[in-house]
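Each residue of the sequence shown is one higher than the last, beginning at -17 in my numbering.
Hints in this document: simulated from the structure, not taken from any laboratory. For clarity, every value in this text was computed on a predicted model and none was experimentally measured. Some hints could be false.
Unchecked claim - Straight-line distance between alpha carbons at most 20 Å, and here's what the computed SDA-like set of lysine to any residue pairs gives:
| id | residue 1 | residue 2 |
| --- | --- | --- |
| 1 | Lys271 | Asp121 |
| 2 | Lys9 | Arg(-9) |
| 3 | Lys250 | Lys292 |
| 4 | Lys292 | Tyr226 |
| 5 | Lys335 | Lys379 |
| 6 | Lys132 | Asn161 |
| 7 | Lys112 | Pro76 |
| 8 | Lys341 | Glu270 |
| 9 | Lys107 | Ile77 |
| 10 | Lys146 | Leu170 |
| 11 | Lys206 | Phe177 |
| 12 | Lys289 | Glu238 |
| 13 | Lys148 | Gln311 |
| 14 | Lys372 | Ser55 |
| 15 | Lys372 | Lys132 |
| 16 | Lys250 | Arg300 |
| 17 | Lys250 | Gly203 |
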Amino acid sequence: MNVLIKNCRIVDEEKDLFGDLYIKDGKIDNYGRSLNYDTYTIDAQGLIVMPAFVDMHAHFRDPGYTYKEDLHSGSLAALKGGYTCVNLMGNTNPICSDMEVVKYVLNKAKELNLIDIHQTVSITKNFDGKSLEHLDYIDNNVKFISDDGKGVQSNLTMYLAMIKAKEKGLTIIAHEEDNEIVTIDTRLSENLMTFRDIYLAKLTGAWLHLAHVSTKEAIEGIRKAKREIQNLTCEVTPHHLALYNYDYKVNPPIREKEDVLEIINGIKDGTVDIIATDHAPHSTQDKEKGAPGISGLETAFPVCYTKLVKSEEISLNRLSQLMSSKPAQMLGVKKGKIQTGYDGDVVIVDLEKKVKINKDEFLSKGKNTPFDGMEFYGEVIATIRKGEIKYKKGSVKFDNR
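Construct all of the structure, not just a fragment, from the sequences and the given hints.
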């Protein structure tokens, strides 16, 4: 697909310039001043064009829990939030422990042709906490393994998993929760497992990616570890950097103000690599029964823009790096930058528009959000994947010249 976006401010992790952007045959072909092509044209005067967002951590509940979310509704939610690529966790039914489930997800995503999807496989078979033999049978369609939502409780199992991951070139996405401690102290639970896995990563050389880091102690531990090893990355979520002392069921829980401040410090000094949504949709009934999680894809950009850029904590370039280029790099996809030859995946946003979050307008089946009724700056106007407009805000009209 070909499209010319005119009169916009173009921003990625390095660039911040005014001009036009041309996408040809689904790839970024040119950008600069006064471009002229005989093709579908979008007049984006007063708007920002950024690389579309890439989510390292989401749940679409398909197969098995499609009353919460499915690949179609999850993809639509992603597009509304400005995302064109997501990495899905294995908390499905059946649990994603084999290539049959992986292929089901990838084939369905290809058929839908809405966004690009990567499927994570469980570290232990069916989250049993001990069996690793299934990892011998996964192919190079899989880049990440994770027992997200459970965590690997056994020290020996995690040690052996890291050895296996190093051999196969896999990255471990670690859910850090000590089940024996968590009912007593959720902070201690996260910190103990974080420090354990950092030590094991040092020992084995396996690549460790720490999911949804939420405590000041974990951030500091990661900061120190990164001075010694290269095989360590981490993510934080929009809700953990925007909320504190807030009563909303999520795992790990919303922390204290000092934790939020340290997360923001970690973003500013480079300790934090990625902002990931941990999009975890639930039905109203499941949420009322205490299911932890937030439906986060549709609110991530305005929350992060307002809390980090609008408040002058970081630049828009740095936010683009956190939400686009770095997760794209980890996934090994040519997305996340405004660069010739990269996928023509971009998002058009209005930074001046104040939006009031309304969960009833979510495209996700999951309406579970603590941000309902709150106001933030930064609205996604359109999401373009490989040169094709996949989402457009209903009231927006584009010129076709």
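Taking the hints in turn, this is what the structure says about them:
no.	hint	verdict
1	Lys271 x Asp121	violated, 38 Å
2	Lys9 x Arg(-9)	holds, 19 Å
3	Lys250 x Lys292	holds, 14 Å
4	Lys292 x Tyr226	holds, 19 Å
5	Lys335 x Lys379	holds, 16 Å
6	Lys132 x Asn161	holds, 8 Å
7	Lys112 x Pro76	holds, 17 Å
8	Lys341 x Glu270	holds, 16 Å
9	Lys107 x Ile77	holds, 8 Å
10	Lys146 x Leu170	violated, 28 Å
11	Lys206 x Phe177	holds, 11 Å
12	Lys289 x Glu238	holds, 16 Å
13	Lys148 x Gln311	holds, 18 Å
14	Lys372 x Ser55	holds, 13 Å
15	Lys372 x Lys132	violated, 34 Å
16	Lys250 x Arg300	holds, 9 Å
17	Lys250 x Gly203	holds, 16 Å
Going through the hint list in order, the structure does not satisfy hints 1, 10, 15.
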